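Q: Letter 99 of the sequence shown, counting from 1, is numbered 99 in the working numbering, and no numbers are missing.
Don't read these hints as lab results, they were simulated from the structure.
On a predicted model such as this, the values are computed, not experimentally measured, just so you know.
Check the hints yourself; a few may be wrong.
[As the list claims (entries may be wrong)] Pairwise CB distance ranges, derived in the manner of DEER restraints:
#1 F123 with A62: 50 to 58 Å
#2 P6 with P132: 18 to 26 Å
#3 A84 with L53: 30 to 38 Å
#4 I114 with A8: 47 to 55 Å
#5 R30 with K131: 48 to 56 Å
#6 A29 with A124: 17 to 25 Å
#7 H127 with E45: 39 to 47 Å
#8 S88 with E32: 45 to 53 Å
The beta carbon of each residue, even a glycine, is placed where N, CA and C say it ideally should be.
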Amino acid sequence: MTTRRPIATLASAISELIWIRERLSGERARAEARFDRIAPPTVAEAMADPEALAAHHLARCATGLTAAEAAEDAIEEAIGQLEAELLSLPATNRADLAAKASVLERLAAGGGEIEPADLAGIFADIHRLAKPP
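Could you build the full structure based on these sequences and the hints that come with them?
A: Here you go:
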């Protein structure tokens, strides 16, 4: 039996959640299309009239838009937490280093915030792994 490294396990979980997020994004788009077809009161109209506000929220729930948004937000939060945990662990080999670099690349591409400590950590990993055994 092989033992998985913590970084590899976290990277695998992040990949699975990213796959789920992609599917949820598609569901959210379909829910938004259903919502738009119903043409409920706009947010501005809803804020001015309690009945319109109720109709607006009912349309969001009926089309699945509220649930799709909540699920997508929860997945985003979980991905962020796992990425932060992965970045906090020391890399023990090049595969770990590659996993950490992939997380930083996704953060940079998505406009996420890269903490100075995350960069310092990966530079320390590179330095440590570059030393001969």
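Q: Which of the numbered hints are not met once you compare them with the structure shown?
A: 4, 6, 7 and 8
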